[in-house]
Every structure is written in structure tokens, then in C-alpha cells.
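*Asks:* Each chain is listed here by its residues.
Number of protein chains: 2
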Amino acid sequence: MSDAKIRRPRAETPKGFRDYFGAEVTTRKAMLDKITAVYHRYGFDPLETSAVETVESLGKFLPDVDRPNEGVFAWKEDDTDWLALRYDLTAPLARVAAQFRNDLPSPYRRYAMGPVWRNEKPGPGRFRQFYQCDADTVGAPSVAADAEICAMLADALEAAGIDRGDYVVKVNNRKVLNGVMEVAGLSGDDKEAERGIVLRAIDKIDRLGPEGVRALLGEGRRDESGDFTKGAGLNAEQANVVMGFTTAKRETGADTVARLRELVGSSSIGLEGVDELEQIAALLAAQGYGPDRIVIDPGVVRGLGYYTGPVYEAELTFEILDEKGRKRQFGSVAGGGRYDDLVKRFTGQSVPATGVSIGVDRLLAALHAKGRLTTDTTGPVIVTVMDRDRMADYMGMVGELRAAGIRAECYLGNPKNFGNQLKYADKRHSPIAIIQGGNEAAAGTVILKDLVLGAQIAQNATLEEWKDRPAQVEVPRADLVAAVRRMLDPN
Amino acid sequence: MSDAKIRRPRAETPKGFRDYFGAEVTTRKAMLDKITAVYHRYGFDPLETSAVETVESLGKFLPDVDRPNEGVFAWKEDDTDWLALRYDLTAPLARVAAQFRNDLPSPYRRYAMGPVWRNEKPGPGRFRQFYQCDADTVGAPSVAADAEICAMLADALEAAGIDRGDYVVKVNNRKVLNGVMEVAGLSGDDKEAERGIVLRAIDKIDRLGPEGVRALLGEGRRDESGDFTKGAGLNAEQANVVMGFTTAKRETGADTVARLRELVGSSSIGLEGVDELEQIAALLAAQGYGPDRIVIDPGVVRGLGYYTGPVYEAELTFEILDEKGRKRQFGSVAGGGRYDDLVKRFTGQSVPATGVSIGVDRLLAALHAKGRLTTDTTGPVIVTVMDRDRMADYMGMVGELRAAGIRAECYLGNPKNFGNQLKYADKRHSPIAIIQGGNEAAAGTVILKDLVLGAQIAQNATLEEWKDRPAQVEVPRADLVAAVRRMLDPN
Chain A
1491 MSDAKIRRPR AETPKGFRDY FGAEVTTRKA MLDKITAVYH RYGFDPLETS AVETVESLGK
1551 FLPDVDRPNE GVFAWKEDDT DWLALRYDLT APLARVAAQF RNDLPSPYRR YAMGPVWRNE
1611 KPGPGRFRQF YQCDADTVGA PSVAADAEIC AMLADALEAA GIDRGDYVVK VNNRKVLNGV
1671 MEVAGLSGDD KEAERGIVLR AIDKIDRLGP EGVRALLGEG RRDESGDFTK GAGLNAEQAN
1731 VVMGFTTAKR ETGADTVARL RELVGSSSIG LEGVDELEQI AALLAAQGYG PDRIVIDPGV
1791 VRGLGYYTGP VYEAELTFEI LDEKGRKRQF GSVAGGGRYD DLVKRFTGQS VPATGVSIGV
1851 DRLLAALHAK GRLTTDTTGP VIVTVMDRDR MADYMGMVGE LRAAGIRAEC YLGNPKNFGN
1911 QLKYADKRHS PIAIIQGGNE AAAGTVILKD LVLGAQIAQN ATLEEWKDRP AQVEVPRADL
1971 VAAVRRMLDP N
Chain B
1491 MSDAKIRRPR AETPKGFRDY FGAEVTTRKA MLDKITAVYH RYGFDPLETS AVETVESLGK
1551 FLPDVDRPNE GVFAWKEDDT DWLALRYDLT APLARVAAQF RNDLPSPYRR YAMGPVWRNE
1611 KPGPGRFRQF YQCDADTVGA PSVAADAEIC AMLADALEAA GIDRGDYVVK VNNRKVLNGV
1671 MEVAGLSGDD KEAERGIVLR AIDKIDRLGP EGVRALLGEG RRDESGDFTK GAGLNAEQAN
1731 VVMGFTTAKR ETGADTVARL RELVGSSSIG LEGVDELEQI AALLAAQGYG PDRIVIDPGV
1791 VRGLGYYTGP VYEAELTFEI LDEKGRKRQF GSVAGGGRYD DLVKRFTGQS VPATGVSIGV
1851 DRLLAALHAK GRLTTDTTGP VIVTVMDRDR MADYMGMVGE LRAAGIRAEC YLGNPKNFGN
1911 QLKYADKRHS PIAIIQGGNE AAAGTVILKD LVLGAQIAQN ATLEEWKDRP AQVEVPRADL
1971 VAAVRRMLDP N
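Chains A and B supply the protein sequences, listed in that same order. The opening residue of the first sequence carries number 1491 in the working numbering; numbering runs sequentially from there. The opening residue of the second sequence carries number 1491 in the working numbering; numbering runs sequentially from there.
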């Protein structure tokens, strides 16, 4: 092929994917390290599953579609099996819990963090690869396991930098909702579609408001764009029962529980749910987690169909400005609940499990909004190159600085234009430039240029406050490391 | 569908993939954290690219095959574009360097670590997803950049736990080899195939020995299985020149350089390569990296075709026993070199780059062989459940221990069989079991069972050495945390 025929590839990430640079990587890592430390203290062990799973193994949790490569990134292996990238960390856990059921401790507490992939239409701020950070307990039937996850979630948020008072973990129970549905005449296998619509409607109450939810419980709802969503077809009386559930929250947990007990009437599943909520509240109180951190809130239902008992969600309660400059609550950063049937798909045996997933990017955005991302973005000390024949001398300086634990590098671009070297130092947020030209070399000295101070002086027209601190010093070559240390930390 | 018709999915990782549990995750992370700290000190910034790239962008580096999903895991997006999982961290860097060339500092020093995927036939110990840990400098034409990578590699290995003396970084230069080929009459575009065979033959000298390499330089070689590999077709004189190169290493770097200078004769590319080797050695000496850590070794050529200048490889020099119990050198754990043409594919402009890739699993295996993996595998303190109606009390104890920074958990399985609780504690490597039955609760005490001591006593028939240390103590409930601390650290 002739050169002219070679088309150059585009240097682009695929649509919906992105790269993370510098502080984006280190701030996320620092946050996950803090969360990991909490998970560890709670007795959870790390698990890192492969990114690739068989579609068969992920299968049931996929959106309801015909082709296996809808919703997930999938490909055919050897013209027979389909493989796919994991789309969450829960489905792989269910597979691991089944595959290694004879070797793992039971209960099995594990945490996992890493990227997951969704084959969805990309949009602004919507990416097809993103991080999750999960903790789950498999094989623990007691609601003590759910209470523990809620407490751990509160601790993890505080460890990450969300102050007490700036978040609340809301707890509810699917069984209570099922009891309410029973009272509303929505039990029975033939009502599954209606129950699904009710569940999703309640899950949207923050966004749609009570009127929007009520419309979805009845005939349906037309949104601003004109699209019509079919409702559950409940009559007014049935809708009243369900709406009563969404507004059941009272001043105290005990009052909320009492109200829920009224609502579920004689439904045994409903009463079981209310009892479990009471137990969770008692267990949390015994560990000192009061309603300032964890509250019973019937408004939380979680959209996913597979939850079978307690569900929980962490909401950040402080306000931020949205893209239009309006104040709004930050909202949810984590959620989870009890799912007792995921492992059963593989083994036929029901395995009780409960767990939480933290939205890593959401939590990072929250910490950013609160000014709690304190990553050190200071760049390296730059040893400039005045004379390219003396590279060994400059590399020797860098070696000394590094051996002393100081982040440092030698300028390795074309050294001809000294201005470019200082521009590079600026782009790297370098605190100090080291300069040694022929005169300094002959005199056995080096010049240290304080770039932080230089930038401050440049911003400040009067030099008054800086005049007793020189922006540039010349020191004996032998004092290089000590002089750099003094300039990095003048106090 | 009736229940009987539902086939259960197999709970299995896809062939060639695996999961990492507990200490496997934490030891790798601890090692990478240490290496990262070195990279940081050298002024390198982290970069995390997306796992998914367009096949077009990866394209040129794929093995020579017709279908894009050979060698990589690839799938079709929207029936037009092919996407694929990255198979190394260098190809994505080349894409990033081209895509963000106007924003990134130049030179751009970056490190990256994470999984890569290879669609290869899985075999024993051969996985299709594995970790790499890379550092590269893009935009630095000077061999000072290569010298820096070699020094950083040495420091990274020591930081990870490989002692000085247990490794050596070998440096060579492709230009020297090209000069030798020129002398042997193998220059020119029509000799590219022969040069490739020579390159791969030299790369195998450790495995095949000089005779095997000589056979591959000539007519070819039949291996033990009877398979014939075609040779480069060199005559004896040509082969002598090439073989002279493989044995050019001398006692000192200066002597090796002198011998190489003889071998490349008047080849200008060869002389350039020898000069570069001399410069690298001088730069490293100026930073204190002598031949005990970094040596010039013409035996290192690196198999990859895209290297254009210095190449380097880190070898571990201690012996381990192979699967047949024979002693052998541990061998290579990292390698890299200068590749000046990878970014050019995208932009048309040549961008000088050099970098190294550490084989994370190989290095972990080496640290394991040297007994340098010191991960704490101690499990949590287990609060057992004697009376399930008092879960709140037990959770309260766990809460106190955790608040004091002690890893602890409550047994959350079915508490009926107390033996199962102790078996669980054993499986978790739990140091202490806390027990509070009705009597203790009434007396306001708890029992601490020292499981570490218990295991030691069980191994030791005579109790002499343990008799002054009780394996079980009863303490006031209020002293729980202090007593656990004492038992965890008796000194």
C-alpha cells in the first residue's frame, strides 16, 4: 500500500468513554482508600472479579431485550458462547458466591470497587464506563446485616469527607410496601405489572411530586415533552392507600413505624416489614446511630425489582446550584438493599444477601462541591537545562533531590528556548525552578527560583508583603537539597 | 415458561479469566502503591484511560491478522465501528498523546496501572486479563529520558521489596543492533523479514542457547516437538557478525562499549547507538546508579518491532525452583524502550517517547518467592451470638470495637450452632472471639477467647510455654475494648 493510501486513525476515545488525568485519578483513589479502610474495619474482605463474564451468568439481570448485546457490551466467543463486560458489581458477586460456595466463609462479607460498563446511549455527563464501590454480606438472613450496612455507609461517608449533618441514610422495607399493596388489592401474580408501575412511580416522587405520582398510579401521565406514560390503573381508593404510604414519615422513627403499622393493617408480609424496620432502628440505636444519621423513611423504595426486604439510600442534604443556577438538594449518592434470590439462579438454593453501592463519581462531585477534595496538585521541582553538555550534572541534582524524598525532575524537552522551560514548569505547577548556567557552575552555586511566590507577586501589584522574602536565591551547590526544603516550607 | 424448563446458568468465570480474593487484592494494591510513590517522586502524573478503545485506534499494534477480533476482544458498535478492550497501556497512551497534544505538558511524563486484555488461548497460568504498570515519557528526544526510566525502574523494584543485588536493569540500543545488521549486509528495505527473524532469534538466546540462535540465523531450527522454524538464511560469515554481538558483553561497561564500537565498524546508525549507550551510562553514573544496578548488556533486544533506540529490561538474579524442582534464575519482570513512531500514526508527526512496563503478576510472584509479601491476613475480632434476642447488645460491642479502630464483626449467620460460629472465626483467621451468654450478661462481664494462642496450643502438645498466658479471660463488660487491645498485643 502506498503512503498516500494510508488513512490516519482518529485519536479519539469511543463515544461515551473518557480518560482521567492526574488529580482526577489521585483524588478518586484517596477517597476509595478512605472508604476501604472503613469496610476493612467492619470485617469486609476485598474481591476483584474479572471484568468479563459470560452473558449466561449475567443474563437474568439484563434489561428485557432480545439481543444479549443490548444494555451490555457483549461479543461472541468461538461462535458459541457470548461474553460481556460486567454492568455492575452485584451480578459478579452472585456468580462468585455460587461458584465458591464451598470455600468462602459464610456469611461472606466482601467489598469491591472498580469500573463497570453500560452499553447505553451516551449523553452529557453520562458515561458508558464508570466506577462503583460496593459492600455486600452474603448468607446473613438477619436484619442485623442490613443495619450493619447502613451504619457502615454512614461511617464511610464521614470518612470520605461528608460531615455529619450533611447526609442522611434513609431506610425502608419492601415488605411494608408489599403489605400496603396487599391492602390496596394489588397482591397476586396477575398484578405484577401494576406493582412494578407503582414501585417505579413512588421511586420518582422527588422528581414528579405527589400529583405526578398519583397520575401514574391512575390512568397515566403526560410529561412536558408530550410523551405519555401508562399508569397502574388504580382507582381513587387504592391510590389513596398507596399515597398514604409515601407520606407516612413522622417526626420520630417510632411514630413513623406506628403509622406504617396502621397502613399495612392485617397484611402479614406488611407486619413483618414493619417489625424488621423496628429491629433495624433498635440495632442502630444500640450502636449509637440515631436519626441524625439514619432514619426510617417510607419515601425510599429503590427502583430495582430484585430487592426483597430492607432498602436504603444515602442522601446528601446540603444544597448546590444546578446548571441553571437554581438551588437544589444534592440528593442520592448511594443505595442498596436486601436481595435474597440472586444466588438462587445458579444453585437453586435461596441465599440471603444485602449490600450497598456507592456512586463514586456522584460522591466525588459532592466532595468537590463542599471543597473537601484536598489533593496536593503541587508539581515537581524542575531542574532547568542551561547547557545540554552538562545533562549529567543536572541529572545528578535531580537524583539528590529524589533521594531526599523531594518530587523533582530535569527538563527533558528541547532546552534551547529557556522561556519554554519556565512555561513547562508553570504548566506542571512546579514550586521551584533550579538554574545553573556557566557562571553558577564556575562559582559552584545554583539559583533557586520560587515559582509559587513569583505567581503571587505577579497577582499582587504592590510588593510590600513580599519584599522581605526573595523570589530567587543563589546558594552553594552543596546546599541544594537544604535550600529547596527551606523554600518549599518557609515556616 | 415452566420452572422445569429453566436451565440454570453455570456459575463460572469465562475461560482464561479469574477472580482475586482478599490478600491477593491487598498485596497487589500495596505493591502498586509503593511503585506509584516512586513514579510520583520522579515527576510522573497518573493517567487512567478507558478500558475500551476503537479498533482503528489500536489497529496498527495488533498481531498481523485479518479479523479485528483476533488477539483482542472486539465487538461491532452500531454495525459500523469496531470497539475493543485495550491489550496494553502503551497504545492508549499514544492515542491520548495525539488527542490531547495541545493541552498536555511537553514532555509528558505519565504512569498508568490497570488491567489489559488479550484474546489468546488460555493455558495453565496464562490469563486473558492481567495487570500492567507502566511509566512513559512522551516528547523527550534525549537519552536522558531513557536513563531516567532505567533509574526509576531500579528504584521502583527496590521500593516494591526487591533488594539491591537481587535485580539488574540491562540496557542496550536497537541502533547498535541495526549497525551490526548493516555490517552483516542486512540493511535495506528488502531485508526487513530477515532482520525480524534475527531480532526474534536473539531475543530467545536465554532459552535456546547460542547454537539454537545460530540455527535460526541460518537455515532454521527444528524444536523438540518436531516443529520447524524457518531461519534468516544468513551465511556463516554474516551469522558470525550477529553472534559476535550477542557475546559482546565485557567485564566493565567501558569495555562492552569498546567491543560494540568495533562490531558496528563504520555504520553511522551503529555508532550513534554506541554513543547513546555511553551517554546513558554517564548520566546514570552521575546519579549514583552503577553497574551493580544498571548494566549495558547487548543480550537484551526486546521482541517488539516498534522500538527505535534504547531498550531495557529488569531481570531478577536470584534462583527459584521451577515446577520440576530445578533451580533457575527468576528472569525478567519488566522491560521497555524508546518508540518514536507510535504517536505519528495519528498525527503524522514523529513524537519521541520512551517507557517501561512492569509485569505486575511476575513481580508479585517474585516477592512471594522471596517471602517479601507481608500482608496482614489477621481477620476481625468476632463477637459471637449466644442469645439472638440480644443482637442489639452484641452489635453494641462491635460498634465500640470499631469506633476504637479495631477490626470487628458480629456473627451474622444462623447462631443456633455455637461450633459453627467458632469454625467461622477460624476460617476468617479471627484473633479473638467474644462470648457473652446469659450468666455473663447477668454478671456484667464478657469472655475473650484468644484464638491465636488457642491454635498455638493445639499445635503444641506440652502446654509448658503457654501456662502463664490464659487462652480465655473474663472481664467486666466496660473493659471490653481495653481487654481486646491487650490480647491483640500482649507486649
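Some hints could be false.
If several chains are the same, the list does not tell them apart, and a pair holds so long as it fits within one copy or across any two.
Unchecked claim - Below, simulated DSSO-like cross-link-like pairs (lysine-lysine); rule was C-alpha separation at most 27 angstroms, straight line:
(1) 1860 to 1681
(2) 1524 to 1566
(3) 1939 to 1524
(4) 1906 to 1834
(5) 1505 to 1566
(6) 1834 to 1913
(7) 1739 to 1814
(8) 1739 to 1519
(9) 1505 to 1834
(10) 1566 to 1611
(11) 1834 to 1917
(12) 1860 to 1660
(13) 1524 to 1694
(14) 1860 to 1834
(15) 1566 to 1817
Read the hints as simulated data drawn from the structure, not as lab findings. No experiment lies behind these values; they were computed from the predicted model shown.
*Asks:* Next, verify each hint and record whether it holds.
*Replies:* Consistency of the hints with the structure:
For a Cα distance limit of 27 angstroms, the shortest separation of residue 1860 from residue 1681 qualifies neither inside one copy, at 45 angstroms, nor across copies, at 63 angstroms. Taking the shortest Cα distances, residue 1524 and residue 1566 never come within 27 angstroms of each other, neither inside one copy (39 angstroms) nor across copies (39 angstroms). For the homomeric pair residue 1939 and residue 1524, neither the shortest alpha-carbon distance inside one copy (36 angstroms) nor that between copies (30 angstroms) is at most 27 angstroms. In the homo-oligomer, the alpha carbons of residue 1906 and residue 1834 lie at most 27 angstroms apart only across protomers (23 angstroms), although the nearest pairing inside one protomer, at 68 angstroms, exceeds that limit.
In the homo-oligomer, the alpha carbons of residue 1505 and residue 1566 lie at most 27 angstroms apart both inside one protomer (22 angstroms) and across protomers (13 angstroms), since each shortest distance falls under that limit. Taking the shortest Cα distances, residue 1834 and residue 1913 sit within 27 angstroms of each other only across copies (25 angstroms), while inside one copy they are farther apart (61 angstroms). In this homomeric assembly, residue 1739 and residue 1814 never come within 27 angstroms of each other (Cα to Cα): the closest approach is 31 angstroms inside a single copy and 69 angstroms across copies. When the C-alpha separation of residue 1739 and residue 1519 is checked against a cutoff of 27 angstroms, the pair qualifies neither within a copy, at 37 angstroms, nor between copies, at 44 angstroms.
In this homomeric assembly, residue 1505 and residue 1834 come within 27 angstroms of each other (Cα to Cα) only across copies, at 23 angstroms, whereas the closest approach inside a single copy is 36 angstroms. In this assembly of identical chains, residue 1566 and residue 1611 lie within 27 angstroms of each other by CA distance both inside one copy and across copies; the values are 22 angstroms within and 15 angstroms between. For the homomeric pair residue 1834 and residue 1917, the shortest alpha-carbon distance between copies (24 angstroms) is at most 27 angstroms, but the shortest distance inside one copy (55 angstroms) is not. Only within a single protomer do residue 1860 and residue 1660 lie at most 27 angstroms apart by alpha-carbon distance; the minimum there is 21 angstroms, versus 49 angstroms between protomers.
Taking the shortest Cα distances, residue 1524 and residue 1694 never come within 27 angstroms of each other, neither inside one copy (32 angstroms) nor across copies (46 angstroms). For the homomeric pair residue 1860 and residue 1834, neither the shortest alpha-carbon distance inside one copy (42 angstroms) nor that between copies (43 angstroms) is at most 27 angstroms. Proximity of residue 1566 to residue 1817 under the C-alpha cut-off of 27 angstroms is found in neither arrangement, the shortest distances being 48 angstroms within a copy and 42 angstroms between copies.
Going down the numbered hints, you'll see the structure goes against 1, 2, 3, 7, 8, 13, 14 and 15, while the others check out.
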